[in-house]
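So the sequence lines, in the order shown, correspond to chains A and B. Under our numbering, the residues of the first sequence are numbered 1 to 421, in order. Under our numbering, the residues of the second sequence are numbered 422 to 529, in order.
Just so you know, the hints here were simulated from the structure itself, not pulled from any lab data. Every value quoted in this text rests on a predicted model; they were computed, and no experiment measured them. Do not take every clue at face value.
As the list claims (entries may be wrong) - The list that follows gives simulated cross-link-like pairs (lysine-lysine, DSS-like), each with its CA atoms no further than 30 Å apart:
hint, chain 1, residue 1, chain 2, residue 2
1, B, K440, A, K418
2, B, K461, A, K404
3, B, K474, A, K231
4, A, K354, B, K461
5, A, K354, B, K474
6, B, K474, A, K211
7, A, K418, B, K515
8, B, K474, A, K389
9, A, K31, A, K228
10, B, K526, A, K418
11, A, K392, B, K474
12, A, K404, B, K474
13, B, K487, A, K404
14, A, K53, B, K487
15, B, K523, A, K418
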Amino acid sequence: MTRFNAWNVFKNGFTGQKNWDRQWRDPEPKKEYDIIIIGGGLHGLATAYYLAKNHNKKNIAVLEKGWIGGGNAGRNTTIVRSNYMLPGNHEFYEHSLKLWENLSHDLNYNVMFSQRAHVSLYHSPGAKDGAARRYNIMRLHGTDAELWDLDTLKKNIPHLNYNDARFPIMGAAVQRRAGNARHDSAVWGYARAADSLGVDILQNCEVTGVKRSQNNIESLETSRGTLKAKKVGFAVAGHTSVLWQMAGLGNLPIESHKLQAFVTEAVKPLLDHVVVYGVGGAHFYISQSDKGSMVFGGDLDWYKSYAQRGNLPMVQDTAEAAMAIMPCLGRIRLLRHWAGVMDMSMDGSFFICKTPLSNLYLNAGWNYGGFKASPASGWYFADLIANEKPHKHVQNHNLERFEKGINIDERGAGPDPKLHG
Amino acid sequence: MNGVLVPIQNCTVDMIRIKCPYCGERDHSEFTYGGDASIKYPALDAPESEWTKAIFFRENIRGMQKETWHHTNGCRLWLEVERSTITHEIKSVKACHPQIEKITKNKS
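With the rest of the complex left out, here is chain A (with noise of 0.2 Å):
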């Protein structure tokens, strides 16, 4: 594979461009494999790419059942941050954005990660005391974390609604090391450069059986043949449910729910930063994108599907909360919009764990959260598949912590998946 630097983007403009070698190749299944992840999304890849980097694992395969970057690796509002305050948490996500701040060098491929802060706004002095506590604890843990007060935020961010907004607007806690990348870039990325280190990355490939005995997995029926595996790892979130009771596991934690994403027409230059509208306000999230739409979301549509299209009431609650915070979009024009389905937990948190069959692992549950997780989720869930054993970052990220009462409940919403945004 010819790899990306200045040589070669100089020596392929003299040659018409038409040199460079496919990004990743197209091979046929093998009968057997030593591991094999199913899902070729971001997790999916990154779990692929690390196995081969940092484990030396061989002969390894990817199932993606449509083609890489059409599910949710394509349905994101590219948002990365590290944010979290429980333990385990913080260090996984902060795990995540040091990941990301090298990813480009790393993978030899340019995923656009610009750190141009993530800034959630507070509007009441008891939701800047919630922000405070958040973000001190952030700072504890050597994670970057600040409040801005109104005259920094004005300086910063001069076009919000500071006049006469339903929930003023009265500071921000921002992280400067959060911003945005390429959710295209990142899952091409990693396909590419796991790909280079020999992984078989098979598309169209759907798995649509799972054949095994009292504790293990012998083998699963795919669109492409019957594939064998020693050691199979699930990251299919929005569908997990789907392949665990495929193979007769049962019920999950988790409840599939779909999560819409708006992108605009292209405008000039508008907005440096990604603003939240979400502490003690409503729940909007926005940023520019490099070719100038408007890249916002808002809530969840509320009702469990498996649909992946969104419905009117959200389009309208969410173009509500645009114009609450940014009135000067008021006459922009919707582009599209999509909708995903993620796997909403019942704590709001993941799953990278054992299951109860001695050969399967899982990685799950990702809830909002799964574009910025996805290298520290690629990371762990390969050291657990190498090692057996959970890193002790994700130990209690499991199923088993329902039952201890260990939730990890960052947002304090209860046992209501869709309280968990």
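Based on the hints, put chain B in the right spot on chain A.
Same frame as chain A, now just chain B:
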């Protein structure tokens, strides 16, 4: 349903319409989604593992499921709705309260 409309409705934005037995057919934005209606809570003195299953574990059906909706901006009754989680098509709607018909009949 006419042959052109079906594919369009299956692939575009949708508003679920719920036929409330007391108020008639309304947009789902009048209602609040509850959750899985098939959950049966165990006895109060049942072992913890049973309570864990009832509270935290879900079948998360991909297909027809029974679920609860609250007619918040209507009659304020809890309804049990059979709805597909793939197409959002609704098969049946009834009140959750088993004796609701008897109660409403006596009042009128």
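Subject >> Structure versus earlier hints, numbers of those that do not hold, lowest first >> reply: 10, 14, 15
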